[in-house]
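Participant: Start from the sequences and build out the full structure, keeping to the hints where you can.
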Amino acid sequence: MTGGTRWTLPFRDQASLAPCREGHGPEASLPGAVPPEAVPPETVPLEPAPLEMEGVRFAYSRKRPLFQDLDFTLPAGGVVGLLGRNGAGKTTLLKLGMGLLFPREGRVSLFGSPAGRRRPAILSRLVFIPEQIAPPPVTLVQYFHLQSGYYPAFDPARAETWAEQFEIPLDQALPSLSYGQQKKALLVTALACGPDLVILDEPTNGLDIPSKRVFRQLISQATQEGCSVVVSTHQVQDVAKLLDHVIILEGGKVLFQASRRTLLEELELRRFSSEEEARQAGALAWEVRFGVPVAVVPRDRTTPAGEELDLELLFHAAMTNPEALAAVCPGGDR
1 MTGGTRWTLP FRDQASLAPC REGHGPEASL PGAVPPEAVP PETVPLEPAP
51 LEMEGVRFAY SRKRPLFQDL DFTLPAGGVV GLLGRNGAGK TTLLKLGMGL
101 LFPREGRVSL FGSPAGRRRP AILSRLVFIP EQIAPPPVTL VQYFHLQSGY
151 YPAFDPARAE TWAEQFEIPL DQALPSLSYG QQKKALLVTA LACGPDLVIL
201 DEPTNGLDIP SKRVFRQLIS QATQEGCSVV VSTHQVQDVA KLLDHVIILE
251 GGKVLFQASR RTLLEELELR RFSSEEEARQ AGALAWEVRF GVPVAVVPRD
301 RTTPAGEELD LELLFHAAMT NPEALAAVCP GGDR
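Residue numbers 1 to 334, in this note's numbering, belong to the letters of the sequence shown in order.
Wrong hints could be hidden among the right ones.
Claimed, not checked - Result set (DSSO-like, lysine-lysine): computed pairs, CA atoms no more than 27 Å apart in a straight line:
hint, residue 1, residue 2
1, 241, 212
2, 253, 241
3, 253, 63
These are calculated hints, taken from the structure and not from any lab test.
Facilitator: See the structure below:
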(Lines of atoms letter the chains of each structure in order from A and count residues from 1; the text may use other names and numbers.)
(Lines give C-alpha, C1' and ligand atoms only; values in the text may rest on other atoms or scores of the structure.)
Protein backbone atom coordinates (compact mmCIF):
# COMPACT_ATOMS: atom_id res chain seq x y z
CA MET A 1 0.00 0.00 0.00
CA THR A 2 2.67 2.51 0.93
CA GLY A 3 6.03 2.41 -0.80
CA GLY A 4 6.69 -1.15 -1.82
CA THR A 5 3.64 -2.60 -0.12
CA ARG A 6 1.34 -4.34 -2.59
CA TRP A 7 -2.15 -3.02 -3.10
CA THR A 8 -3.48 -6.48 -3.80
CA LEU A 9 -4.74 -8.00 -0.59
CA PRO A 10 -4.21 -11.60 0.55
CA PHE A 11 -6.64 -14.36 -0.26
CA ARG A 12 -9.32 -15.09 2.33
CA ASP A 13 -9.13 -18.81 3.13
CA GLN A 14 -12.37 -20.74 2.95
CA ALA A 15 -13.10 -22.41 6.29
CA SER A 16 -14.49 -25.93 6.05
CA LEU A 17 -17.55 -26.68 8.15
CA ALA A 18 -17.29 -29.86 10.21
CA PRO A 19 -20.56 -31.77 10.76
CA CYS A 20 -22.16 -31.03 14.11
CA ARG A 21 -22.45 -33.84 16.64
CA GLU A 22 -26.12 -34.14 17.49
CA GLY A 23 -25.69 -36.51 20.46
CA HIS A 24 -28.05 -39.14 19.06
CA GLY A 25 -28.05 -41.92 16.50
CA PRO A 26 -27.09 -45.62 16.56
CA GLU A 27 -24.21 -45.09 19.00
CA ALA A 28 -26.58 -43.58 21.59
CA SER A 29 -28.37 -46.94 22.03
CA LEU A 30 -25.21 -48.96 22.75
CA PRO A 31 -24.86 -50.48 26.26
CA GLY A 32 -23.19 -47.99 28.59
CA ALA A 33 -23.76 -45.08 26.26
CA VAL A 34 -24.09 -41.72 28.00
CA PRO A 35 -27.50 -40.10 27.46
CA PRO A 36 -27.23 -36.94 25.36
CA GLU A 37 -28.62 -34.79 28.18
CA ALA A 38 -25.78 -35.97 30.46
CA VAL A 39 -23.06 -34.78 28.09
CA PRO A 40 -21.83 -31.33 29.20
CA PRO A 41 -21.98 -28.72 26.48
CA GLU A 42 -18.72 -28.09 24.71
CA THR A 43 -16.94 -24.93 25.76
CA VAL A 44 -16.86 -22.44 22.92
CA PRO A 45 -13.42 -20.77 22.87
CA LEU A 46 -13.40 -17.00 22.98
CA GLU A 47 -12.26 -15.21 19.85
CA PRO A 48 -8.79 -13.74 20.43
CA ALA A 49 -8.49 -9.95 20.45
CA PRO A 50 -8.10 -8.47 16.96
CA LEU A 51 -4.78 -6.91 17.98
CA GLU A 52 -2.76 -7.43 21.14
CA MET A 53 0.70 -6.34 22.28
CA GLU A 54 2.54 -7.38 25.41
CA GLY A 55 5.87 -6.01 26.67
CA VAL A 56 6.67 -4.49 23.29
CA ARG A 57 9.90 -2.57 22.91
CA PHE A 58 10.60 -0.80 19.62
CA ALA A 59 13.03 1.86 18.42
CA TYR A 60 14.05 3.28 15.07
CA SER A 61 17.45 4.02 16.63
CA ARG A 62 19.16 2.66 19.74
CA LYS A 63 19.41 6.11 21.30
CA ARG A 64 15.71 6.94 21.12
CA PRO A 65 13.34 4.06 21.95
CA LEU A 66 9.77 4.80 20.91
CA PHE A 67 7.99 2.07 22.86
CA GLN A 68 9.22 0.44 26.06
CA ASP A 69 7.23 -2.32 27.73
CA LEU A 70 4.09 -1.37 25.77
CA ASP A 71 0.93 -3.31 26.60
CA PHE A 72 -1.98 -2.77 24.24
CA THR A 73 -5.21 -4.64 23.57
CA LEU A 74 -7.60 -3.57 20.85
CA PRO A 75 -11.22 -4.03 21.94
CA ALA A 76 -13.23 -6.19 19.56
CA GLY A 77 -16.14 -4.60 17.74
CA GLY A 78 -17.07 -1.00 17.11
CA VAL A 79 -14.80 1.92 16.27
CA VAL A 80 -11.66 2.64 18.27
CA GLY A 81 -10.05 6.06 18.11
CA LEU A 82 -6.25 6.06 18.49
CA LEU A 83 -5.10 9.52 19.55
CA GLY A 84 -1.72 11.04 20.39
CA ARG A 85 0.64 13.91 19.72
CA ASN A 86 2.73 14.07 16.56
CA GLY A 87 5.49 11.52 17.01
CA ALA A 88 3.65 9.60 19.75
CA GLY A 89 3.91 6.44 17.65
CA LYS A 90 0.36 5.94 16.36
CA THR A 91 1.38 4.93 12.84
CA THR A 92 4.27 2.85 14.17
CA LEU A 93 1.91 0.99 16.49
CA LEU A 94 -0.39 0.20 13.57
CA LYS A 95 2.52 -1.07 11.47
CA LEU A 96 3.74 -3.23 14.34
CA GLY A 97 0.25 -4.66 14.57
CA MET A 98 0.19 -5.40 10.85
CA GLY A 99 3.57 -7.15 10.98
CA LEU A 100 5.11 -4.46 8.77
CA LEU A 101 7.55 -3.63 11.58
CA PHE A 102 9.06 -5.97 14.15
CA PRO A 103 9.53 -5.28 17.87
CA ARG A 104 12.94 -5.66 19.48
CA GLU A 105 11.22 -7.34 22.41
CA GLY A 106 7.72 -8.45 23.30
CA ARG A 107 4.77 -10.11 21.61
CA VAL A 108 2.42 -8.81 18.91
CA SER A 109 -0.55 -10.90 17.80
CA LEU A 110 -3.35 -10.55 15.27
CA PHE A 111 -6.42 -12.63 16.08
CA GLY A 112 -4.17 -14.76 18.30
CA SER A 113 -1.50 -15.34 15.64
CA PRO A 114 2.01 -13.77 15.69
CA ALA A 115 1.69 -10.66 13.54
CA GLY A 116 5.22 -10.95 12.17
CA ARG A 117 4.42 -14.27 10.46
CA ARG A 118 1.89 -12.49 8.25
CA ARG A 119 -0.13 -15.62 7.63
CA PRO A 120 -2.46 -15.23 4.62
CA ALA A 121 -5.39 -16.67 6.57
CA ILE A 122 -4.95 -13.89 9.15
CA LEU A 123 -4.08 -11.05 6.79
CA SER A 124 -7.14 -11.85 4.71
CA ARG A 125 -9.27 -10.79 7.66
CA LEU A 126 -8.04 -7.21 7.70
CA VAL A 127 -7.39 -4.17 5.55
CA PHE A 128 -4.96 -1.32 6.23
CA ILE A 129 -5.42 2.07 4.58
CA PRO A 130 -2.35 4.25 5.18
CA GLU A 131 -2.24 8.02 5.15
CA GLN A 132 0.07 8.08 2.13
CA ILE A 133 -1.22 5.98 -0.76
CA ALA A 134 0.20 4.99 -4.14
CA PRO A 135 -2.61 3.61 -6.34
CA PRO A 136 -1.83 1.23 -9.22
CA PRO A 137 -2.36 2.35 -12.84
CA VAL A 138 -5.82 0.80 -13.25
CA THR A 139 -9.40 2.06 -13.17
CA LEU A 140 -11.56 1.53 -10.10
CA VAL A 141 -13.60 -1.16 -11.88
CA GLN A 142 -10.38 -2.98 -12.75
CA TYR A 143 -9.21 -2.64 -9.18
CA PHE A 144 -12.48 -4.15 -7.96
CA HIS A 145 -11.84 -7.10 -10.26
CA LEU A 146 -8.32 -7.55 -8.87
CA GLN A 147 -9.58 -7.63 -5.30
CA SER A 148 -12.36 -10.09 -6.07
CA GLY A 149 -9.66 -12.61 -6.96
CA TYR A 150 -8.19 -12.35 -3.48
CA TYR A 151 -11.42 -11.96 -1.53
CA PRO A 152 -14.24 -14.37 -2.41
CA ALA A 153 -16.51 -12.27 -0.16
CA PHE A 154 -15.85 -9.16 -2.23
CA ASP A 155 -19.17 -7.59 -3.24
CA PRO A 156 -18.78 -5.66 -6.55
CA ALA A 157 -22.38 -4.44 -6.56
CA ARG A 158 -21.98 -2.91 -3.12
CA ALA A 159 -18.61 -1.43 -4.09
CA GLU A 160 -20.09 0.28 -7.15
CA THR A 161 -23.02 1.61 -5.11
CA TRP A 162 -20.65 3.11 -2.56
CA ALA A 163 -18.48 4.55 -5.33
CA GLU A 164 -21.55 6.33 -6.70
CA GLN A 165 -22.33 7.71 -3.24
CA PHE A 166 -18.77 9.03 -3.04
CA GLU A 167 -19.00 10.32 -6.64
CA ILE A 168 -15.88 8.41 -7.70
CA PRO A 169 -15.52 7.79 -11.46
CA LEU A 170 -15.34 4.07 -12.20
CA ASP A 171 -13.59 4.27 -15.57
CA GLN A 172 -10.79 6.73 -14.79
CA ALA A 173 -7.25 5.63 -13.91
CA LEU A 174 -6.73 5.82 -10.15
CA PRO A 175 -3.43 7.79 -10.29
CA SER A 176 -5.21 10.54 -12.24
CA LEU A 177 -7.73 11.09 -9.44
CA SER A 178 -7.27 13.66 -6.70
CA TYR A 179 -5.83 12.57 -3.36
CA GLY A 180 -9.28 12.70 -1.79
CA GLN A 181 -10.81 10.62 -4.59
CA GLN A 182 -8.05 8.06 -4.28
CA LYS A 183 -8.65 7.84 -0.53
CA LYS A 184 -12.37 7.27 -1.10
CA ALA A 185 -11.68 4.64 -3.78
CA LEU A 186 -9.48 2.70 -1.40
CA LEU A 187 -12.01 2.92 1.42
CA VAL A 188 -14.85 1.68 -0.79
CA THR A 189 -12.73 -1.23 -2.00
CA ALA A 190 -11.60 -2.16 1.50
CA LEU A 191 -15.09 -2.29 2.99
CA ALA A 192 -16.44 -4.25 0.03
CA CYS A 193 -13.87 -6.98 0.82
CA GLY A 194 -15.83 -7.92 3.95
CA PRO A 195 -12.93 -7.70 6.43
CA ASP A 196 -13.11 -8.36 10.17
CA LEU A 197 -10.71 -5.51 10.95
CA VAL A 198 -10.13 -2.21 9.14
CA ILE A 199 -7.20 -0.01 10.17
CA LEU A 200 -7.35 3.60 8.97
CA ASP A 201 -4.52 6.12 9.30
CA GLU A 202 -5.81 9.71 8.96
CA PRO A 203 -8.77 8.56 6.82
CA THR A 204 -10.50 11.95 6.51
CA ASN A 205 -7.47 13.83 5.18
CA GLY A 206 -8.37 15.05 1.71
CA LEU A 207 -12.11 14.47 2.10
CA ASP A 208 -14.55 17.34 1.59
CA ILE A 209 -17.51 17.89 3.92
CA PRO A 210 -20.05 15.77 1.95
CA SER A 211 -17.50 12.95 1.65
CA LYS A 212 -16.86 12.97 5.40
CA ARG A 213 -20.57 12.42 5.95
CA VAL A 214 -20.60 9.43 3.57
CA PHE A 215 -17.42 8.13 5.23
CA ARG A 216 -19.14 8.10 8.62
CA GLN A 217 -22.17 6.32 7.14
CA LEU A 218 -20.02 3.57 5.60
CA ILE A 219 -18.00 3.02 8.77
CA SER A 220 -21.19 2.85 10.83
CA GLN A 221 -22.64 0.28 8.44
CA ALA A 222 -19.45 -1.81 8.57
CA THR A 223 -19.49 -1.97 12.38
CA GLN A 224 -23.16 -2.96 12.37
CA GLU A 225 -22.11 -5.94 10.26
CA GLY A 226 -19.51 -6.98 12.85
CA CYS A 227 -16.37 -5.28 11.55
CA SER A 228 -13.89 -3.72 14.00
CA VAL A 229 -12.43 -0.38 12.91
CA VAL A 230 -9.34 1.45 14.19
CA VAL A 231 -9.02 5.14 13.32
CA SER A 232 -5.75 6.96 13.97
CA THR A 233 -6.33 10.66 13.43
CA HIS A 234 -5.69 14.25 14.43
CA GLN A 235 -9.03 15.29 12.92
CA VAL A 236 -10.90 14.20 16.02
CA GLN A 237 -14.11 16.10 15.32
CA ASP A 238 -14.53 14.19 12.05
CA VAL A 239 -14.88 10.88 13.90
CA ALA A 240 -16.08 11.86 17.40
CA LYS A 241 -19.64 10.60 16.83
CA LEU A 242 -18.38 7.25 15.54
CA LEU A 243 -16.09 6.22 18.38
CA ASP A 244 -17.01 3.47 20.81
CA HIS A 245 -13.62 3.47 22.52
CA VAL A 246 -10.77 5.97 22.90
CA ILE A 247 -7.08 5.13 23.34
CA ILE A 248 -4.48 7.86 23.94
CA LEU A 249 -0.75 7.23 23.43
CA GLU A 250 1.97 9.22 25.17
CA GLY A 251 5.55 8.56 26.19
CA GLY A 252 5.71 5.15 24.56
CA LYS A 253 2.74 3.83 26.51
CA VAL A 254 -1.04 3.79 26.55
CA LEU A 255 -1.67 6.87 28.68
CA PHE A 256 -5.43 6.49 28.89
CA GLN A 257 -8.23 4.41 27.45
CA ALA A 258 -11.94 4.20 28.10
CA SER A 259 -15.18 3.27 26.40
CA ARG A 260 -17.56 5.88 25.08
CA ARG A 261 -20.13 4.75 27.62
CA THR A 262 -17.71 5.30 30.51
CA LEU A 263 -16.75 8.75 29.27
CA LEU A 264 -20.35 9.86 28.89
CA GLU A 265 -21.32 8.45 32.28
CA GLU A 266 -18.41 10.00 34.17
CA LEU A 267 -17.74 13.30 32.37
CA GLU A 268 -19.71 16.25 31.09
CA LEU A 269 -19.17 19.62 29.42
CA ARG A 270 -20.10 22.72 31.35
CA ARG A 271 -19.84 26.45 30.75
CA PHE A 272 -18.56 28.75 33.47
CA SER A 273 -18.46 32.47 34.06
CA SER A 274 -14.70 32.41 34.68
CA GLU A 275 -11.70 30.10 34.59
CA GLU A 276 -11.46 30.29 38.37
CA GLU A 277 -15.01 28.99 38.67
CA ALA A 278 -14.07 26.11 36.36
CA ARG A 279 -11.08 25.26 38.57
CA GLN A 280 -13.23 25.27 41.69
CA ALA A 281 -15.68 22.91 39.98
CA GLY A 282 -12.88 20.37 39.49
CA ALA A 283 -12.40 20.96 35.77
CA LEU A 284 -10.00 18.46 34.21
CA ALA A 285 -9.41 20.69 31.19
CA TRP A 286 -10.97 23.80 29.72
CA GLU A 287 -10.68 26.40 26.99
CA VAL A 288 -12.32 29.72 26.25
CA ARG A 289 -14.82 29.53 23.38
CA PHE A 290 -16.46 32.72 22.18
CA GLY A 291 -15.41 34.40 25.40
CA VAL A 292 -16.89 31.69 27.65
CA PRO A 293 -14.81 29.07 29.52
CA VAL A 294 -15.95 25.56 28.53
CA ALA A 295 -14.66 22.71 30.67
CA VAL A 296 -14.83 18.94 30.97
CA VAL A 297 -15.72 18.09 34.57
CA PRO A 298 -16.87 15.07 36.57
CA ARG A 299 -20.55 14.58 35.79
CA ASP A 300 -23.18 15.75 38.21
CA ARG A 301 -25.13 12.55 38.98
CA THR A 302 -28.36 14.50 39.25
CA THR A 303 -28.27 15.19 35.51
CA PRO A 304 -28.68 12.68 32.66
CA ALA A 305 -25.58 11.51 30.81
CA GLY A 306 -24.73 13.42 27.66
CA GLU A 307 -24.54 12.12 24.12
CA GLU A 308 -21.51 13.94 22.71
CA LEU A 309 -17.78 13.58 23.34
CA ASP A 310 -15.46 16.57 23.20
CA LEU A 311 -12.32 14.70 22.19
CA GLU A 312 -10.13 17.79 22.08
CA LEU A 313 -10.81 18.63 25.72
CA LEU A 314 -10.55 14.95 26.69
CA PHE A 315 -7.16 14.74 25.01
CA HIS A 316 -6.05 17.94 26.75
CA ALA A 317 -7.16 16.49 30.09
CA ALA A 318 -5.19 13.30 29.45
CA MET A 319 -2.06 15.28 28.60
CA THR A 320 -2.23 17.77 31.49
CA ASN A 321 -4.15 15.95 34.22
CA PRO A 322 -3.87 12.19 33.62
CA GLU A 323 -4.03 11.13 37.28
CA ALA A 324 -7.28 12.99 37.91
CA LEU A 325 -8.82 11.80 34.64
CA ALA A 326 -8.02 8.16 35.41
CA ALA A 327 -9.48 8.56 38.90
CA VAL A 328 -12.74 9.97 37.53
CA CYS A 329 -13.11 7.32 34.79
CA PRO A 330 -12.86 3.89 36.45
CA GLY A 331 -12.95 2.23 33.03
CA GLY A 332 -9.85 4.12 31.95
CA ASP A 333 -6.30 2.80 32.16
CA ARG A 334 -3.16 4.86 32.46
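Participant: Run every hint past the structure and note whether it holds.
Facilitator: To see whether the hints hold, each was checked on the structure:
Our distance criterion of 27 Å between C-alpha atoms is met by residue 241 and residue 212, whose separation comes to about 12 Å. About 25 Å separates the Cα atoms of residue 253 and residue 241, which keeps this hinted pair within 27 Å; it holds. This hinted pair checks out: residue 253 and residue 63 have alpha carbons roughly 18 Å apart, not beyond 27 Å.
Violated hints: none; the structure is consistent with every hint.
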